[in-house]
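Per our numbering, the very first residue in the sequence shown carries number 870; after that it's consecutive.
Think of the hints as simulated: they come from the structure by calculation, not from any bench. In this text, all values refer to a predicted model and were calculated from it rather than measured experimentally. Heads up, some of the hints might be wrong.
Using C-beta positions, here's what the derived DEER-type ranges look like [claimed, not checked]:
no.: 1; residue 1: W953; residue 2: G995; range: 25 to 35 Å
no.: 2; residue 1: S980; residue 2: V881; range: 40 to 50 Å
no.: 3; residue 1: F1083; residue 2: L950; range: 13 to 23 Å
no.: 4; residue 1: A1005; residue 2: P910; range: 32 to 42 Å
no.: 5; residue 1: D947; residue 2: T994; range: 35 to 45 Å
no.: 6; residue 1: D947; residue 2: F1003; range: 11 to 21 Å
no.: 7; residue 1: A882; residue 2: A1074; range: 30 to 40 Å
For lysine to aspartate or glutamate, the following EDC-like pairs were computed, each having C-alpha atoms within a straight-line distance of at most 16 Å [claimed, not checked]:
no.: 8; residue 1: K964; residue 2: D992
no.: 9; residue 1: K981; residue 2: E1019
no.: 10; residue 1: K964; residue 2: E974
Backbone N, C-alpha and C define an ideal beta-carbon position, used for all residues, glycine too.
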Amino acid sequence: AFRHAARYYLEVARTPALDRRYLDERILLETPDLIDEAFTPGRAVIFVGLHFGSVELPGLFLASRVGGAVTPMETLADPALQAWFVRTRGAAGIKIVGLTEARREISAALSKGISVGMIGDRDLTGGGTLVELFGAPARLPLGPALLAVESGVPVYAMGLRRAGPGRYRGRLATIEVPADGTRRERVTATTIAIARAFERIVEDAPEQWWATFFPIWPDLEAAAGGRWESAGPSDRVA
870 AFRHAARYYL
880 EVARTPALDR
890 RYLDERILLE
900 TPDLIDEAFT
910 PGRAVIFVGL
920 HFGSVELPGL
930 FLASRVGGAV
940 TPMETLADPA
950 LQAWFVRTRG
960 AAGIKIVGLT
970 EARREISAAL
980 SKGISVGMIG
990 DRDLTGGGTL
1000 VELFGAPARL
1010 PLGPALLAVE
1020 SGVPVYAMGL
1030 RRAGPGRYRG
1040 RLATIEVPAD
1050 GTRRERVTAT
1060 TIAIARAFER
1070 IVEDAPEQWW
1080 ATFFPIWPDL
1090 EAAAGGRWES
1100 AGPSDRVA
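Make the full structure from the sequences, and use the hints.
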């Protein structure tokens, strides 16, 4: 995991040089039947990724295929580094929006037929819900599922693992969004479906998942002496 995290920063530094030709030559998608329906210019889609393998390249691949995308990102403490991310990703066709305005900006993008990329294995705002992930309760963000329910656009989970020097293998998984039920029930069911897709992606190369760098399972955090506070009566393992 530490090696793959270090490689992420190398890929970030190389972002300006990673054009579509490089991506097409280096990335093999193992779900070719989903490529055409997922990467259609002018058709809004929500892609949910995770801190697995290469985190940078899926967004670049998406933007190169559909002509641009929007993604939320936490604001970094270093303004110069934040500006660098905004500039380099913007040049690659990825518009970065802050977490405070993310919902408004993303909803607007989807309404215009612009696809959105989100990371779904880390709850940055603290408003997530507990679902089962690899047999234990984990708090996942509700944002991807909530946007899917509200917008009605297709949702895919996407992971890209390293398969050798400069080589990558990717997988897409269709996320089914229930048409029936209350909004809360539909959001919860969609989040569970995302968790199941993450399990299938990670099991290909568990050593490439960055779960060691941030808390995912609160019971493990508590066992290590951390403090876990319930966000309210809605917290339950779905």
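Task: Structure versus earlier hints, numbers of those that do not hold, lowest first - done: When the structure is compared with the hints, numbers 2, 5, 6, 7, 8 turn out to be violated.
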